[in-house]
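Taken in order, these protein sequences are the chains called V and D.
FYI, the numbering for the first sequence is 1 to 126, going by my numbering.
FYI, the numbering for the second sequence is 1 to 126, going by my numbering.
In short, the hints are calculated from the structure, not lab data.
Each hint should be verified, as a subset may be incorrect.
Because identical chains share one entry, a pair is satisfied inside a single copy or across any pair of copies.
Using 16 Å as the maximum straight-line C-alpha spacing, the simulated EDC-like pairs for lysine to aspartate or glutamate come out as follows [stated by the list, open to error]: (1) 92 - 126; (2) 92 - 43; (3) 46 - 126; (4) 46 - 85; (5) 46 - 7; (6) 62 - 7; (7) 92 - 33; (8) 100 - 87; (9) 66 - 8; (10) 4 - 43; (11) 46 - 87; (12) 100 - 28; (13) 100 - 33; (14) 66 - 33.
Computed from a prediction, not measured in an experiment: that's the story for all the values here.
Number of protein chains: 2
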Amino acid sequence: MHDKELEEGSSLNPRFDANGLISAIVADEATGEVLMLAHMNEEALKRTIETREGWFWSRSRKSLWKKGESSGNVLRVSEMKVDCDQDAVLLKVSVTGDGKSCHTGRRSCFYRAIPLGGGNTALTFD
Amino acid sequence: MHDKELEEGSSLNPRFDANGLISAIVADEATGEVLMLAHMNEEALKRTIETREGWFWSRSRKSLWKKGESSGNVLRVSEMKVDCDQDAVLLKVSVTGDGKSCHTGRRSCFYRAIPLGGGNTALTFD
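Here chain V stands alone, though its shape is the one from the complex:
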């Protein structure tokens, strides 16, 4: 079931899904805080590796997208990792501009907590 070369090899062989995408987790290089989750097609992956800045594929707009093009919050990539089955990457970044990576004006896109245990279902804000 598991592919040894995929998992233990030193070749990058991204397993793009049916839509040609892999997942990209973006975390702050200094604190490790997870900032956002986005998607990359082959071209976005290539550009990110080559330019060390975060490029993605927008599923809603169906277009290639450089983070920060309009907001100024470019992602400077210092480290990039691939996971065992090569369908996800992890980017360690510093965010330029005001350091806010979420388009809502927050530092991280993960600003609401889901109550655990069932019962109460209202999200709580950071």
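Fit chain D to the supplied structure of chain V, relying on the hints for placement.
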């Protein structure tokens, strides 16, 4: 283009994709280290919220899956967050057993670095 209620509301309204899935990032509650990326369907999300243990949907096996069922490395969830557009969640966990969340026997699934800048393409292992 952005949905105010989705982003600023206190209701959990996960935006499952065409396959009925959202992305789930798993990070260590103590260190913040990203351990793995998996997917959740509605039932996996419900079970994770109710039981505070990590349940997922396996895209390869096409089945519901409780992390640690066979390995013993159950994910105890202390915090769960949803992102701005509600198509991803972030789980802060402690991993039971030997603390290794990757099926390859490593702590994290992200154990190989992608060289940046182009040119050399060989992945380097942690």
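Now for the hints, and whether the structure bears them out:
When the C-alpha separation of residue 92 and residue 126 is checked against a cutoff of 16 Å, the pair qualifies only between copies, where the shortest distance is 15 Å, while the shortest distance within a copy is 22 Å. Within a single copy, residue 92 and residue 43 get their C-alpha atoms no closer than 19 Å, and across copies no closer than 31 Å, so neither meets the 16 Å cut-off. Taking the shortest alpha-carbon separations for residue 46 and residue 126, neither the intra-copy value of 35 Å nor the inter-copy value of 22 Å comes in at or below 16 Å. For a Cα distance limit of 16 Å, the shortest separation of residue 46 from residue 85 qualifies neither inside one copy, at 18 Å, nor across copies, at 26 Å.
Neither within a single protomer nor between protomers do residue 46 and residue 7 lie at most 16 Å apart by alpha-carbon distance, with minima of 20 Å and 30 Å respectively. Taking identical chains as interchangeable, the C-alpha atoms of residue 62 and residue 7 are never at most 16 Å apart, the minima being 30 Å within one chain and 21 Å between chains. When the C-alpha separation of residue 92 and residue 33 is checked against a cutoff of 16 Å, the pair qualifies both within a copy, at 9 Å, and between copies, at 11 Å. In this assembly of identical chains, residue 100 and residue 87 lie within 16 Å of each other by CA distance neither inside one copy nor across copies; the values are 26 Å within and 19 Å between.
Taking the closest pair of Cα atoms, residue 66 and residue 8 never come within 16 Å of each other, the shortest separation being 31 Å inside a single copy and 25 Å across copies. With identical chains, the CA atoms of residue 4 and residue 43 are never at most 16 Å apart, being 26 Å at best within one copy and 31 Å at best between copies. Within a single copy, residue 46 and residue 87 get their C-alpha atoms as close as 15 Å, which meets the 16 Å cut-off; across copies the closest is 24 Å, which misses it. Only within a single protomer do residue 100 and residue 28 lie at most 16 Å apart by alpha-carbon distance; the minimum there is 11 Å, versus 23 Å between protomers.
Taking the shortest Cα distances, residue 100 and residue 33 sit within 16 Å of each other inside one copy (12 Å), while across copies they are farther apart (20 Å). Taking the closest pair of Cα atoms, residue 66 and residue 33 never come within 16 Å of each other, the shortest separation being 21 Å inside a single copy and 25 Å across copies.
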